[in-house]
Amino acid sequence: MRNSSKSLFLSKLLSKNKLVLSGVLVVGGLTIMAIFAPLIAPFNPLAIDVEDALLAPSSAHIFGTDHLGRDLFSRVVFGSRISLSIGFVAVGISVLIGLLIGSVAGYYGSRIDTALMRFVDIMLCFPSFFLILAVIAILEPNIINIMVVIGITSWMGVARLIRAEVLSLKEREFILASKAIGASDLRVIVRHLIPNAIAPVLVSAVLGVAAAVLLESSLSFLGLGVQPPTPSWGNILMEGKASLGVCWWLMFFPGFFILITVLGYNLLGEGLREYFNPKKKIC
Amino acid sequence: MKRYIVKRLISIIPMLLGISIISFCVIHLAPGSPVDSSTTLNPKVSFEAREKLVIQYGLDKPLYVQYLSWLKKITTFDFGRSYIDGQKVINKIASRIPITLLINILSISIVLLIAIPIGVISAVREGSFCDRFLTVFVFVGFAIPGFWLALMLMSFFGITLGWLPIQGITSFDFDSLSIFGKFLDIGRHLIMPVFVSCFGSLAAMSRYMRSSMLEVLHKDYIKTARAKGLSENRVVYKHALRNALLPIITILGLSVPGLIGGSVIVESVFGIPGMGRLFFESVMGRDYPVIMAVLVIGALLTLLGNFLADISYLFADPRIRYEK
Amino acid sequence: MLSINDLTVEYYRDDPPYSSVGPISANHSKACVEGRAVDGVRLKIPKGAIFALVGESGCGKTTLGLAITGLINQRDGRISAGSVILDNKNILKSSQKEFQDIRGKQITYIFQEPASSLNPVFTIGEQIDEALIVHKITTKKDAKGIAIASLQKAQIDDPERVYHSYPYQLSGGMKQRAMIAMAISTGPKLLIADEPTTALDTDTENEILKLLLKLRDELSLSVLLITHDMRIVQRVADQVAVMYRGEIVEVGTAEKLLRVPKHEYTKLLLFSMPEKLKL
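Keeping their order, the protein sequence lines are chains A, B and C. Heads up, the first sequence is in our numbering, so the first residue is 1 and it goes up one at a time. Heads up, the second sequence is in our numbering, so the first residue is 284 and it goes up one at a time. Heads up, the third sequence is in our numbering, so the first residue is 608 and it goes up one at a time.
These are computed hints drawn from the structure, not numbers from a lab. Among the hints, a few may not be true.
[Said to hold, decoys possible] Calculated lysine to any residue pairs in the SDA-like style (CA-CA distance at most 25 Å, straight line):
hint, chain 1, residue 1, chain 2, residue 2
1, B, Lys-521, C, Thr-730
2, C, Lys-743, B, Val-519
3, B, Lys-521, C, Tyr-851
4, A, Lys-241, B, Glu-564
5, B, Lys-285, C, Thr-730
6, B, Lys-285, C, Ser-772
7, B, Lys-521, C, Asp-808
8, A, Lys-18, B, Glu-564
9, B, Lys-521, C, Leu-777
10, C, Lys-796, B, Leu-586
11, B, Lys-502, C, Gln-719
12, A, Lys-241, B, Gly-451
13, B, Lys-521, C, Glu-814
14, B, Lys-502, C, Thr-746
15, B, Lys-290, B, Gly-470
Quick caveat, the model's predicted, so the values are computed rather than measured.
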């Protein structure tokens, strides 16, 4: 997109929809927090100080401390790095797999399409959380594995979207034209079909980040995700579970951050979706 | 119509096959033979004993042979025995499934009872304060992590207020209660878990209902209904609603795997002895026969849910009903 | 029989401020008014005649039809001036309930797309019965008889079968006939037909037009036929009003107007017809 149409896109998007605006703000804020974590966090998230354990929020520790005296605010800030990076990479993996399978299925059609879509249907039968847990049971729960596992269980939606777009684009003239001048299948798929089908994928990817963050935090909460002492919002909640009812700050803040992260990405995703498919008014 | 149902049933068979293949592959294609962890836990197991286990579980045979023998067994619901306590897997699951089903069915019922009216109201009063408020509520509902909601509720209602029990499904003095008392006891234990379980779906479903309703309200036949002089209530609740509910049936079927998967968290946090918690425990304990069995059964339940949704759709939409 | 006096309908910009229930306040609507879809229209529709309202797309003819029956969506626009007199009563001053009584009983409507104008989940019979029952024309028991009679009047050969059919089981022409049957079942004074044949093929179009003529003669039915097609006007109209940009530019009997058009725009319309049908 050229500069002028890009800025037009942004201003149109933001002005029309307050929800999207708040989504963008939240996402932007979290990204800044994740990138500049060492500058924002006042303490080392791993620094243990047992004397100061389980302190309520105060001016020294604005979110309080956990059972090992670690500053909760710092842990939450660094946790954003973990959760967001896992979210991005997992979505990246799922989009890549989905693009591959969806475009091949849509482009080649007939038996390949039927076989691949059957495969998608079967994968969709499994509750995704079950699949993820089962695979984590075999592999060790570390960050890379989590990214991969979430990625390989979340591609189905993207695949279906891409397939639908490819099917509808396939017969359009510009595709037939490029085939007529002898472009190879791969070239047609990559250079022509995919760029035009990208809009719903973008929406799916943004919403996918929200879903991935939820999944990762659920895994970490169950102890099968990011392992302590590396802070993740999920495992902070896991560790704080023991002091349920007593130390409300250990419960509240990490969960709240998961909430606004997911909310922010969802709002952004919905806003993008409305931007790409404006609902027409019937007069 | 019967032909359609039979066709549908037949098409399930390749799906079942695929499900079994994937369940099998998920476990067996991972690095490290399954038998390693179960025996390394126990240092007293000698090399010969381990060899014996390998032969007993047929782990020395090629993969496809293992798959076929496992497949043969599960057609009779013989999922083998648990690595953890040697019980028959099918028994373990059978004892846990009713509770999970109960929670999920209650969740679906609540979602239907509440989400549909919310969706309809949002659509009819599109753009109003009511609609915008509900939209915000729905978005937040989407975004709340289930386990966090569970913890917050437990902390507030369970500990701070002490109104509701926070663990298990029955109290200590369960056996001494009257029948009505037993009902009430289980009910009290289920309030929070069911609430957490249906919260996310509630948000999603009301959103879908709203869009479906909005789409239908713009259709030509609604114009006709209004032009006929029908009251707005009649137009909305008779003409529009029936059409708007059709896609909801399909969506309901699609939400089944999400509910089943969500039961892991809900049951683990609330200490409910259901299938989800069993799955979690077997994952922690690397109890592979149980893991494979729950995968298969979870997928089966999803297939069942989709099948029921399809059949309901068949009855609801006359266009499908009369086509061959 | 029905006279429209100085009717003006304003419509709003795309994003009006929302209100919950109830009319948008006068201040708001003034701020958002984009233009006038119908501007000071004056018409008199006599009894037992086919009155054609002809004009190009977007000239406001559909809006006029909607305005007469009170079907303008509050969010899209409002009637800012004028009156519609039916039986010596200004129906625009009616309450919601009174309007619901008039709509579908004294003034009925058929739309352009028969394929989507009937509710797909109810049978034709159920939909016609509903009109009869809601307007208290008959009881549930007798509704079927009247519905079948209406279907017959609409020249449907096998009314019993159509009564029990779902819309998707019928052809386009059949559906439009069923719509007409539903519209005449309550014994209306005026039938507003908004482009009723645009979506049909030529043969079916002829049949429907013939049906309208027959109904005019047999039932003394007045028809406000909204169309953009001058050939239809030539074929069936008794009186014609030409509409352009919300205003009526010429009105008169079909004979006079078609032979000796006075207004420039009428002349344009007439001369742009590809071929003239014989009367």
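Each hint, compared with the structure:
1. B:Lys-521 / C:Thr-730: holds (14 Å)
2. C:Lys-743 / B:Val-519: holds (20 Å)
3. B:Lys-521 / C:Tyr-851: violated (38 Å)
4. A:Lys-241 / B:Glu-564: holds (18 Å)
5. B:Lys-285 / C:Thr-730: holds (22 Å)
6. B:Lys-285 / C:Ser-772: holds (20 Å)
7. B:Lys-521 / C:Asp-808: violated (33 Å)
8. A:Lys-18 / B:Glu-564: violated (44 Å)
9. B:Lys-521 / C:Leu-777: At roughly 23 Å apart (the allowed maximum being 25 Å), Leu-777 of chain C and Lys-521 of chain B satisfy the hint.
10. C:Lys-796 / B:Leu-586: It is violated: about 56 Å lies between the C-alpha atoms, which goes past 25 Å.
11. B:Lys-502 / C:Gln-719: holds (13 Å)
12. A:Lys-241 / B:Gly-451: Holds, at roughly 16 Å.
13. B:Lys-521 / C:Glu-814: violated (33 Å)
14. B:Lys-502 / C:Thr-746: With Cα atoms ~29 Å apart, Lys-502 of chain B and Thr-746 of chain C exceed 25 Å; violated.
15. B:Lys-290 / B:Gly-470: violated (40 Å)
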